[in-house]
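A.B. asks: Each chain, written out:
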Amino acid sequence: METKQRKIPFSPNNPESLPFWTAAAEGKFILRKCVSCQRVHWYPRAICPFCFSDKTEWVPASGRGKIYSFSIMRRAPEPYAIAYVTLEEGATMLTNIVDCDFNDLKIGLEVKIVFKPSESAFPVPMFTAVTVA
Amino acid sequence: MSLRGKAYIAGAFEHPARKAPDKSVAQLHAEAARGALLDAGLTHADVDGYFCAGDAPGMGPLSMLDYLNLKVRHLDSTDSGGSSYLVHVAHAAEAIAMGKCNVALITLGGRPMSEGVQTGTAPRIENPAKPDVEWEYPFGWTTVNLYAMCAMRHMHEFGTTSEQLAWIKVAASHHAQHNPNAVLRNVVTVEDVVNSPMVADPLHRLDCCLITDGGGALVVVKPEIAKSLQRPLVKLLGAGEAFKGQDGGAVDLTYSAAASSGPIAFAEAGVKPADIQYASIYDSFTITVLMQLEDLGFCKKGEGGRFVSDGNLISGVGKLPFNTDGGGLCNNHPANRGGMTKVIEAVRQLRGEAHPAVQVKNCNLALAQGTGGLLGSRHGSATLILERE
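Protein chains in written order, with this note's numbering: chain A, 1 to 133; chain B, 1001 to 1389.
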């Protein structure tokens, strides 16, 4: 089953995260990291959710990870794969797995980031299997 | 200070409506409130505390207090989704223990069925200022696919099967056949469940709860008042509440916040899971039940699949009778919030007022467990332990 691209609803309006979306528009995937405790968190916040430090910064990310869990949503105009992906940097994020056969999906599958256009000016971070050319 | 014995549930009422296009949401609250007060043998004028959650229309409790025309000296609108009403019982007991009120009324009502809400399968934005919206809404999260990811991970880590999950629905259907108000009264088999259409892998249609209208209400009172009424005494022994989210990205879908709320409630009550004779367990999906049973300590983590199999949750058959009204899987799910009905059926069991076919013999100790929100992202949990005195 080849995935058809769903229309991605999105309307960012949040000064706290605007740099993430600006970077995404340039094809760059960045994460928020705490200068004090050195941990990367998800989703990005100004105040570190682990140590409450106000010293957090944007850092470049590898865009690589593994599927932690997933589900194919069948009751939808176009079936799609929702997933939690655990990034190499340690944080786990909600996303979609796209551009691959849903029958090949499994927990632990290595994936890489692919930005997909949304209804807004900004693309959103999704993932596809590393093995797919 | 412990809540043990500080308050009693004197009144409980489950609204019989399952589809109510001819009633307002406020009306459903009021009809449930009236039913619970009549059940307790108390009146409108006796109520001096009021509790409601996000299903109540209007501005917190203010709109409902005006509509109901209640003169209260304590009010609370804590909202933790479907678990709110169990939290309200605990908060009512706290308020009663502190002398802030004597007769606390808790109401729930809603009509997602009549309003055509695609509760489980359509992405929704409840509030665009929610901090998680931009990180989750674009990916098409729905209620069912978030719970499905919990099930998928549970299967991966512990070898849980769809057939084991199906036993939870099978047990609920065995109970619902005796409930004339239940939406689904046909007994189903494991095969029926696993052969029903896949909604979001690995959850099938029959792994999912109902969407219904309806409501419910509870009356929590101080001990002296409970003992003056002509109703069996249902005492609060212990209560716990907890939250679990994504932990800044350290996501772990294998357990729920019941792993925190349960031990608090058991410690306060001074009892163990093995002592519980009846359990109401929130059943938004079959996986919801399985995870909470493990987290509450009815079996070890990862062994829930074996625990629920072979009718172990069926009253008169298994070791832990659960949701003897048919639960959210078969009976009803008013306002998409199942916590209220969980408490109501536990009260029925302790009073000996459940249907005779599902009544647990000499039921003296019961547990009611609710979660609210979404196990796959962020949720609240509340556990109550109740005793027949």
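No lab work stands behind these hints: they were computed from the structure.
Predicted model, so just to flag it, every value in this text is computed and none were measured.
A virtual CB, placed ideally from N, CA and C, is assigned to each residue, including glycine.
Any given hint could turn out to be false.
Partial selection, computed: residues in chain B whose CB lies under 10 Å from chain A [to be verified]:
1) 1150
2) 1153
3) 1157
Listed next, the in silico EDC-like pairs over lysine to aspartate or glutamate satisfying Cα-Cα at most 16 Å (straight line) [as the list claims (entries may be wrong)]:
4) A:7 with B:1136
5) A:33 with A:54
6) A:33 with A:16
7) A:55 with A:16
8) B:1301 with B:1247
9) A:116 with A:26
10) B:1071 with B:1094
11) A:33 with A:88
12) B:1130 with A:16
13) B:1100 with B:1247
14) B:1227 with B:1066
15) A:66 with B:1252
16) A:33 with A:89
17) A:112 with A:78
18) A:33 with B:1252
19) A:116 with B:1136
20) A:106 with B:1157
21) B:1100 with B:1157
Quick look at which bits of chain B chain A covers, simulated, 3 or more residues with Cβ under 8 Å [stated by the list, open to error]:
22) 1061-1074
23) 1119-1129
24) 1136-1146
25) 1194-1208
A.B. asks: Now, for every hint given, state plainly whether the structure supports it.
C.D. replies: How the hints compare with the structure:
1. 1150: holds (7 Å)
2. 1153: holds (4 Å)
3. 1157: Result: holds, 9 Å to nearest chain A Cβ.
4. A:7 with B:1136: With Cα atoms ~14 Å apart, residue 7 of chain A and residue 1136 of chain B stay inside 16 Å; holds.
5. A:33 with A:54: Judged against 16 Å, a Cα distance of about 11 Å means the pair holds.
6. A:33 with A:16: Status holds; Cα separation ~14 Å.
7. A:55 with A:16: With Cα atoms ~14 Å apart, residue 55 of chain A and residue 16 of chain A stay inside 16 Å; holds.
8. B:1301 with B:1247: Violated - the C-alpha atoms of residue 1247 of chain B and residue 1301 of chain B are around 20 Å apart, more than 16 Å.
9. A:116 with A:26: Holds, at about 12 Å.
10. B:1071 with B:1094: violated (20 Å)
11. A:33 with A:88: Holds. Residue 33 of chain A to residue 88 of chain A sits at ~14 Å (cutoff 16 Å).
12. B:1130 with A:16: holds (13 Å)
13. B:1100 with B:1247: Judged against 16 Å, a Cα distance of about 35 Å means the pair is violated.
14. B:1227 with B:1066: Given that 16 Å is the threshold and the Cα spacing comes to 30 Å, the pair is violated.
15. A:66 with B:1252: holds (14 Å)
16. A:33 with A:89: holds (10 Å)
17. A:112 with A:78: Violated. Residue 112 of chain A to residue 78 of chain A sits at ~22 Å, over the 16 Å cutoff.
18. A:33 with B:1252: Cα-Cα ~20 Å, so violated.
19. A:116 with B:1136: The hint holds at about 14 Å.
20. A:106 with B:1157: Status holds; Cα separation ~13 Å.
21. B:1100 with B:1157: violated (47 Å)
22. 1061-1074: violated (count 0)
23. 1119-1129: holds (count 3)
24. 1136-1146: Since 10 is at least three, the answer is holds.
25. 1194-1208: Since 7 is at least three, the answer is holds.
Consistency note: the structure conflicts with the earlier hints numbered 8, 10, 13, 14, 17, 18, 21 and 22.
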